[in-house]
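Full structure from sequences and hints, please.
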Amino acid sequence: MTPAIDTTALTRRFGDFTAVDEVNLTVAQGQFFGFLGPNGAGKSTTIKMLTGLLAPTSGSIRILGEDLGEKSAEIKRQIGVVPEGMALFTRLTANEYLRFVGRMYGLDKATTLERTRELLDFMHLADEPKKLIADFSHGMQKKLALAAAVIHGPKVLFLDEPFEGVDAVAAGTLKIMLQRMIARGATIFLTSHVLEIVERLCTHVAIIHKGKLVAQGSLEELRAGAGRLSAASQAASSTLHAGPGDQSPGVQSLEQIFLEIVGASGETPSEQELSWLS
Amino acid sequence: MAELKGSPGAMAAMPPIPARVQLMAVAWLRWRLFVNAFVRRRPKGPRQVMGLVFAILLRIFLWPILSIMVLGPVGFSGFLAWELISEGHPRELAPVLAGLMIFWQFVSINGMNIATATKTFDPSTLTRFPIPFPRYLVLRTLIGLLAVSTIVGCLASLAVAVGIGIAQRELLLPALMAMGAFAVMNIFFTRMLGAWFERWLANRRFREIFSVLMATSFIFVQLAVPSRQAVVHTHGAMMPWYMRLAHQSAASLGWLPPGLAAHAILSGGQVLTVVVAIAGLLAYAGLFLAIFAVRLHKQFLGELLVDSPSVASKPPARRAKRISKSTVVRTDVAPSRVEHSLISPIIAALLRKEFLILKANTQMLVGLFTPLLFVFVLGHGLAARHTEYFLPTALGYVLLGLVGSFYNVFGADGMGVQFYFMAPVRMSSVIVAKNMMQLALVAIQVTVAWSLVVVMAQHPIPLSVQVAAGMWLIFFVAANLAFGTLRSIQAPRRYIPGQSRQLKQTTPTNRTSALLVLAVLLGGLTMQAPITYAAHYFHLPWLGAAVFSVLAAAAVGCYVLLLQSAESLTMKYRDRLTEELCKTG
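Protein chains in written order, with the numbering used here: chain A, 27 to 304; chain B, 14 to 598.
If you're looking for bench data, these hints aren't it; they were derived computationally from the structure.
Not the full set, but computed from the structure, chain B residues with beta-carbon under 8 Å of chain A:
#	residue
1	MET27
2	ILE30
3	TRP41
4	THR140
5	PRO143
6	ILE144
Not close to chain A: a few residues of chain B, all C-beta gaps over 12 Å, as computed:
#	residue
7	ILE164
8	HIS472
9	VAL533
10	LEU538
11	HIS552
12	VAL563
13	LEU582
The beta-carbon is built from N, C-alpha and C at its ideal position, and this holds for glycine as well.
Rendered as structure tokens:
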């Protein structure tokens, strides 16, 4: 089957700084894919390139088998995006915004109105129809951004930190929606710092660090790969990072895998640092 | 919970999206953004009535000014064109059209700079929707048509054609055609320049430098704008330098758009000449459109227009060194510094923070000193005639540019304002530190302005006038500090350094604040004139000094009282402070 997302040697430089370095990424259709990395690793830059918001310096991107550079308008009809800053028009109401987005994606008026109503209802945003988006809480804005990203029924959905600043109730709503989309055959590509959520939702994960893709595969494959790392390092990591979120003994959590892979490049604080803290 | 009925499979076979649908959607978006700009939070009770009254007053005050700003250039262009033709100076038409073209671009680019800071709609965000490039180009061109500069420029072009037609009826038709083509050319020229400036203005440092250049050029324009007499009636050595330059450049304008437009109008009814000249104008328009399209295509493909990319964190080794060094400073050096310091360490830290904010903002820093240029200019006219008014006027103008910041002292802190409520600091210390930085700037500017005045004045300024000006200065600064600090607590407004042209007044509170500020500023400034006049009329040279001494003492007293109640006031209004300054939308 044609991959939903396929990149070859994807690179983006900003002057001398290489934000994304030769990334080869493959996401099969129907996968719930988690894209992880520390702050400044290149996650958002990658997602911007995959959605056509940022031009790559070199490399290629294929979405659903089509080249993004050549067929950008056609591909954009098949994808939905919740970008880093949500890109909302904050001087509109939620209803107005969804109606605008629906029309821009070519939905007819009746379908746009119907889906707007359904989405606002589903996201619990229908109660204050005259409230401007600027006056929404952060969580409400996230839910609206997601509603706008799915109003045209995309086959591939890109989410940049969808759960950041979202309360448990709203996060529950978002998760239900995303899982239903997966069940209906959509592909979801998300970045998140909340590793527990990624572990619970995603079937496949890639980890980017300092612009380079350092791991990619299913959770089981990552666990197996991490297991091959030095035993001493693994033991130290388990001792240091074990917590309440840990799973059964012997099975590494995603957090442990992540810290093992990313932490391997070493940012362990020395004991002298912050020694004045009680 | 409601169920979602849509399924992703419904998008399988999709016909192309009609251009009309997307163009209408964007037009509707613009309309809703415009309508919603009038949607405001409504206060209740007496504040609602007060807000309404001030809203009406503000509109009565602002609308005539805005009307003059729009209709002034239009009327001036039409009248000038009429007078040039009817007075028999057709050769001056090309330089006048060149002036119109420069004015058009000047207003447009400056408007863009303001919009960069205040815009509610960034058309480049439309690239995330499934729009083919030709449609995006059309959209961006159409969106540009709604700019004030385009409307004013088109109306001014029409006014020129009408003015020429009234002066000489047979020129009306070629004038309408030529000015129509001239307007189209200008629209694409504006779009082309705009696209490039958008690229450059994405850089904060360029934006800051550009704002300063614009502020300076505004002062220059105030001085150099040609009067009707200058254009029509002055000749030879009597002409101002800019008119001499225009005359000298008239010949070289022949193959440029203003020259082509003038040529088409003044061709004496030769159809071929008119057609060729208009074709030349349209060729220019095509060229500008092509350059605009090239730039826009890069943006469409995903060119990033931000100040700087995110950069990975520093290596830990260097971080560790920095931390240990700061620890040493903290334990060993800081206490000895405190012992010898005249001000408390808290105020010193706050002052340092204010200084760093100021230092990092070139636009704010250099912008503060632009009023001094005007003092220099003022001296040439006023000093020659009324020495006794020169000093007060110069000080008034300098302070006018400074005291505005007194009314929003927490604005640049943004979310950081919460720190003041969390940290063990007294709000009065915070306010004193902020006011000290402001007073330092006032002191520097006033010293420079005062020195300029003393040097430039043609006669020595009497001591009584200088003492009166000094007392007025203390009164004015103290009164504005007191009232400004009060309003800063009661009606804060978020301000982003580097994007200082926050012109929007988004809430009734701010509208109230704007009017009150205006009243205090104008009242404080204009009260000098009658007192100075009375002192002169009644031969009481020390009257001004006496009156302003009393007012200064009262104003300083008010400021001290305000500082004493700063703690309780900020606690009372902390909800408003944090709500306004911490909002992200």
